[in-house]
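Quick mapping for you: the protein sequence lines, in order, are chains A and B.
Plus 646 on top of the position in the first sequence (first one is 1) and you've got the numbering used here.
Take the second sequence: its position 116, counting from 1, is numbered 108 in the numbering used here, and each next residue is one higher.
It should be emphasised that the hints constitute simulated quantities derived from the structure, not laboratory data.
This list has only true hints and no planted wrong ones.
Calculated lysine-lysine pairs in the DSS-like style (CA-CA distance at most 30 Å, straight line):
| no. | chain 1 | residue 1 | chain 2 | residue 2 |
| --- | --- | --- | --- | --- |
| 1 | A | K813 | A | K720 |
| 2 | A | K670 | A | K903 |
| 3 | A | K788 | A | K649 |
| 4 | B | K173 | A | K720 |
| 5 | A | K720 | B | K179 |
| 6 | A | K935 | A | K829 |
| 7 | A | K788 | A | K935 |
| 8 | A | K829 | A | K786 |
| 9 | B | K179 | B | K107 |
| 10 | A | K935 | A | K903 |
| 11 | A | K670 | B | K173 |
| 12 | B | K173 | A | K649 |
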Amino acid sequence: MSKYLLYPGCSMETSARAYYDSLKAISGPVGLELEEIEDWNCCGATEYLGISLTPAYALISRNLALAAQQNHGKRAVVAPCSACYLNLAKADYYMREQPTLATHVNQALAAGGLSYTPGSLAIRHLLDVLIYDIGLDTIKSKVVRPLTGLRVAPYLGCMVPRPDYEKRWSDHEHPVELDLLLKALGAEVIDFPLKTHCCGGHMTQIGPETAFELIRGLIVSAEAHEADIMTTVCPMCQMNLDAYQGEANRYFGSAFKMPIVFFTQLMGVAFGLDPKDLGFGLELTSARKAMSRVGVETPEPQASAPRPRKDSSLPMPKPLPTKADLAEKVEAAK
Amino acid sequence: MEIAPESQAPPSPIPKLIEDLTLLDEVSNRTAGVSRLEMCIQCGTCGGSCPSAADMDHTPRMLFAMIRAGMRKDALMSNTPWICVSCYHCVVRCPQNVHIADVMYTLKGMAIEAKLYRDSTAPDFSQTFVDMVEEYGRSFEFGLATRHYLKHFPLRLPSMAPMGFGMLTRQRMSMTPRRIKGIDQLKTILKKAKEVEAVHE
Chain A
647 MSKYLLYPGC SMETSARAYY DSLKAISGPV GLELEEIEDW NCCGATEYLG
697 ISLTPAYALI SRNLALAAQQ NHGKRAVVAP CSACYLNLAK ADYYMREQPT
747 LATHVNQALA AGGLSYTPGS LAIRHLLDVL IYDIGLDTIK SKVVRPLTGL
797 RVAPYLGCMV PRPDYEKRWS DHEHPVELDL LLKALGAEVI DFPLKTHCCG
847 GHMTQIGPET AFELIRGLIV SAEAHEADIM TTVCPMCQMN LDAYQGEANR
897 YFGSAFKMPI VFFTQLMGVA FGLDPKDLGF GLELTSARKA MSRVGVETPE
947 PQASAPRPRK DSSLPMPKPL PTKADLAEKV EAAK
Chain B
-7 MEIAPESQAP PSPIPKLIED LTLLDEVSNR TAGVSRLEMC IQCGTCGGSC
43 PSAADMDHTP RMLFAMIRAG MRKDALMSNT PWICVSCYHC VVRCPQNVHI
93 ADVMYTLKGM AIEAKLYRDS TAPDFSQTFV DMVEEYGRSF EFGLATRHYL
143 KHFPLRLPSM APMGFGMLTR QRMSMTPRRI KGIDQLKTIL KKAKEVEAVH
193 E
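All chains should be modelled from the sequences, with the hints used to inform the complete structure.
Next up, the structure:
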């Protein structure tokens, strides 16, 4: 068993519950032993960094200090969330680069009876650990239900491959790791050109138009490459592309129905695990149709009750035809 | 209706050299790590790589030129740091290794301090997020979203309802916050961090 300290981050317990559930489900089969950092706190996302420097880095570093305390066997810290991963890695790196920052942060930590020596922990993303420690061969050996024929867009987002302080990834903009993993599961991986482009981050909250444009670009590209499903390694990316897909559709008058699931959910399916234990059905854009392509029945997302239409209300504009609609029309005309 | 004549404000004086150095140094000193901001060669790779540049007042390159020219007010009033999505495309492509994304965080903090921003939505969002983290030790999405939308986009709330309802019914959003056990310890650490920050600014 490979042992690691786990920093789950806030969203794993709420908005990205499917990520946490599926991670727990696949850990056993691949031999990944995770011990949660006790009483960890929020990493501050991108918000705290814009308010003030020392408190933001002290907030992040409390987690590093707690992890170092708990780390008797010299284990790496694993963060499945991209923003958490980057914040932890960045704090560690900048405190090494600029020792005054480390001094200030340690002055603050000392007030709470803690301390952290920069560089004493390795901070890794979950995907990195799965590929480079567990290995593709092990993952492949656990596949009992290959994802043959499922066209997947591998979407990494920004904060996992960039800025990559420890040079862990094959490339900043076109890393191959997620592609290799999905191929090991038997999936048909599309060469997704926007795999490390931005999902809009927190802009869905403060400047939705900026975010919608970025979301639209990603889904249009995945659809143009005839992907059945997009898979992500980040709670924020999943939330923006899945939960805000409807908002973006409303904004552009489009009718995208691209399911977005975590890569760990696809791993679980390939390992033959029960889709219910993998958090399927929690997505807002149903993955049911896509997953039926590999003969897997996933739970239907609980639909919110539609409001009854009044006869007097104006007709809704028709959504733009999708590629599938057009293909059907062509078929019918033949 | 009569159109009021534009006010004839005198052109602002050219900033003195000493002020130029102050702003560049201040931004650089307040940035995490070694910012390398003074190494910018104005190549424009950052703006060319930026996915949200179209919505910015100034590209990052232009903003850095303004900082070097000591245009404090204009630089801090720019919406650019607030539109930055932290995707780090500019950072990895910058031939001079400038910590661009982190410089943007610094500029946000300075703009909040100087109360120099046109639209309070983004600064408020950051502050509300930070308030919740300082109170609970964890982020609290439901509280954050409702408080933020009520204040800034009340008219958007009804249209957001299906999404919010979807997140709640799937238990992807909790209606109550969770507090860490060591919240007092965290509060003490953050209080001390603010004191340290105040001394060194």
